[in-house]
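*Asks:* From the two separate chains plus the hints, produce the assembled complex.
These protein sequence lines are chains P and R, in that order. With my numbering applied, the first sequence covers 1064 to 1335. With my numbering applied, the second sequence covers 2 to 297.
Hint data in this document are derived by calculation from the structure and do not stem from the laboratory. Quantities reported herein were computed from a predicted structural model and do not represent experimental measurements. Positions of the beta carbon are idealized from the N, C-alpha and C atoms, including for glycine. You can trust all of the hints, since none of them are fake.
Derived CB-CB ranges, DEER-like: (1) R:PRO210 - P:VAL1312: 39 to 45 Å; (2) R:GLY243 - P:ASN1281: 33 to 39 Å; (3) P:SER1105 - R:VAL30: 52 to 58 Å; (4) R:VAL259 - P:ARG1101: 32 to 38 Å; (5) P:VAL1093 - R:THR34: 45 to 51 Å; (6) R:ALA98 - P:PHE1161: 43 to 49 Å.
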Amino acid sequence: MSDAPRPPVLVSAALILLFGIIVFPIAWMVLTAFKQPRDVYSLTFVFAPTLENFITVFQPPWNIGRRIVNSLLIAGGTLAIAIPAAILAAYSFSRFQFMFKRSLFFLVLATQFVPAVVVILPFYLMFRDLGLLDTRIGLIIVNLAIVTPFAIWMLKGFFDAVPVECDEAALIDGASRLDIIRMVIVPMAMPGIIVASVFCFILTWNEFIFALILARDNAVTLQVGLVNFRTERGDLWELMAAAGVFITVPAFIAALSIQKHFEAGLTGGAVK
Amino acid sequence: MQAPDRFLRYGLIAPALVLVIGTTLWPVVSAVTTSLRDWRLKRSSLPQKWVGFDNYLVAFEEPEFWNAVKVTTTFVILDVLLTVCLALAVALLLRRAGVLQSLVRAVIILPFAVSPALIGVSFRFMLNGEHGVLARGFAATFPWLSDVVWLATPGYAMAALIASDVWHWFPYLTLMFLGGLAAIPKETEEAAELDGANGLQMIFLVILPQIRSIIAVGAILKTIFALKMFDQVATLTGGGPGITTQTLAHYTYAVGFVHYDMGLASALAVILTAILVTIGIFYIRLVLPQREHSAP
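Chain R on its own, in the form it takes in the complex (with noise of 0.2 Å):
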């Protein structure tokens, strides 16, 4: 390569990384020293002393820190469990050609374009106990659901909060899954049918082991926005009924803009940042060998 182009890789990724740098590396920077010092923007509107890691040790003193993380945990694990079946199942009916399949192909993007504020906004409206059409369709058909006024009882509540974000996702990782599947070569069927696999041991034996990457991707994919959801709970559950379903990522929020606490909000911040960019380089290191290797 000529001299110019030597220069020229870095000055061509500049803009973008300034960018990068500009917009997100720095407020993490930024919330690292914040988390350092007391700040309470209702006191002052500078900050104040260096505290050292007494924000931190605040947080892990507040039971509404650990009630976050418990919070926080059952909404991954469940949404995740969920959604990731889900989308097995859902990709494994639609891999077959067929009239109803076409349909449910032509509408199955939808509801990842819906905003997921407009999605919280739609399920507390289908779920209020007076006049929300879900809420009063599963107590006409299911009896001991009469009473349960949805949003107000707290497990009702967090199984709202998961089906919101499982009916916004599961058609993400359904295409992802399905691009999986196209990609098996037909002979391991017909050699199990063969051997005579009946259709459970088929799916179970022979389909999804060989997805099993494409699965553990969507599966970190989905962990990862689990843990950064906030809109459906800002919108659907406003993090009630009492904390219920306060996620770690709402209560961040609700000490920094409803607190104002700056320094508390900030350490928050901080380790909801090191769990998910943690996570997030475990998924890279899974994801970038294969791309690197598809480069021409």
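Bound-form chain P, shown alone (with noise of 0.2 Å):
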């Protein structure tokens, strides 16, 4: 396209200069985990490389591994049970007209702007009662909050994609209408299930503030994790980067994953 009318010299400056901006602090935690200590201070882009921070990170204290487990676990316990619950509302808001419709949608869209810290405070005191301090089912637990809300609003915009002709063609067939969500509205929304689906483990694996509060040792998550390699003897910042690099791989790889239609996720409400 040569219709431009601002000088290109100028337009492909402005987009080097963005991916710079993009890429930039990626590209330097990704060096920095290859750093021996004495680079990490040096600034310097030519260095002789290492893998031992990736295993340092692994052993005690730090014990990533651990971490990684939980946050793999919390997650995925998160999905488990916000997903499914999520198609049978989706689909109910889709194709049903019933009292308080309206209202009651309205009422879970809100809950989204309800922020974090409101949610922690009455679950801390429950928790502690309850003796869930600590553990991964009370982070599940409050991780819910902020997936569910998302997870119906996207879906049943993905639900109100699939039309009714199918829903009414089975029907007709004597199906119910749980048959009708397994048989033909999973199967034929199901790019849009992944897509809530993956949006929802970045969203969990992503989460800090209910773990930095909740969990202070079996529990804790990569995320929280990071917070530990701040010491008595400083910031140790490769091993920071280290851990960085396991955080970030997993989200990557996901949002990548769904990057097509992130565009129709963006319609469907608020992130994080």
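*Replies:* Shown next as structure tokens:
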């Protein structure tokens, strides 16, 4: 396309600068993860790379392996509860008319705007009494707060796009509504369900404040594990960077796998 | 519809509704009741007497509260303004096809996938006075910045906080605006070109007005998340230097989980929720009719 009225050189320069702004902080973290401590402080791009940091973070006292497991189990557990519940609710919101439908949908959407500090106060007090502090179950419960409303909103959009005629044809064949959800809607809206699930995975995987307050030791996630690299000896940047790589890789894979659908999700509502 | 459907429609919603009410609505109600009591965990593990609106009055008389209001307002205004403007500029740049455009489009989603906590840590590393690559780079490029210790200087710490959040969020808004730009009919631009509009006129008088509702949606959404923002304050500035970057969310956290004053923290949380939900409802009203309209 040559119809750009602006000088292409300026545009090209802006695009290259933009690429740098996007990539540099990530690249610098990755580079740092491969550096020995003395290279971290020398700001060099040329250095003898080492895998030592990636090994160190798995050893005590960092034990990042346990944190990866915690993060995965918490994200997995949250999705396993939220997505099925959201599929059922989204189907009902998409297909039926009923009393208070608009108000209920409004309520679901409005809960997305409740800040995490509010959610955490009562749950902290309740978990203290129930012995759920520092447990993965506790963290799954609070993570449902950020994921469920969002999943319902997104999934409703995807279900709306499945023609009602499909439901009607199955109804004539004698299928029940639950059959329709299982055998018509879920297969037809599968790409949408995957997109919503991946979105929700990123939300819970990157979640920080809940785990910061509710986890002490057993249930500490990767995100909160980052804080531990701030020691009395100062910040251990190369270890933070190595942990950062473990945090970032799954989120990048997730984000890139649904990039095409990202814009569809954007109109679907609020993220994190 | 058959009779069973009448119950089914509620039955299908029930599990999700239980989750939503249990994990967000109940905490809000609980925070409201706790905000009316004296409950300092350091003195007693059980809630003490009802004190009416005392916690709110304490908050309003606390200079730290007003500091947090000021910090939050500054942060939100600058953060939203910069994110929206940058996202618009980038969306306009990426609209056309080209090699460089494809290159940027391929990576643009990445900052949004990096966790905010990690972004805070990364920026703290890069802005470190002695061995931070950005701090040293800026110092070498702009001599007047050579003496600045970024995270120990109030205005600069705020700038760092805003920069970290703009970096995280502008890709999301860019993609949103690109979606809006793609929907503009080509004819409007062609007509403006025939009328002799120049580049700037084209952007400000022809293109942007056509996506103003999407810009509004993006700006409100960003406002909500800027108000909620907590992670980078915790991992980048810690609210400092002093309390110059302590936002309302972080102040509430500190009162609740550093000073363990549950009553006051709940009052602060309720104030923050009231602000957010008000803006949130405004946002939903803006978004919902369009979506309902597009439903089959």
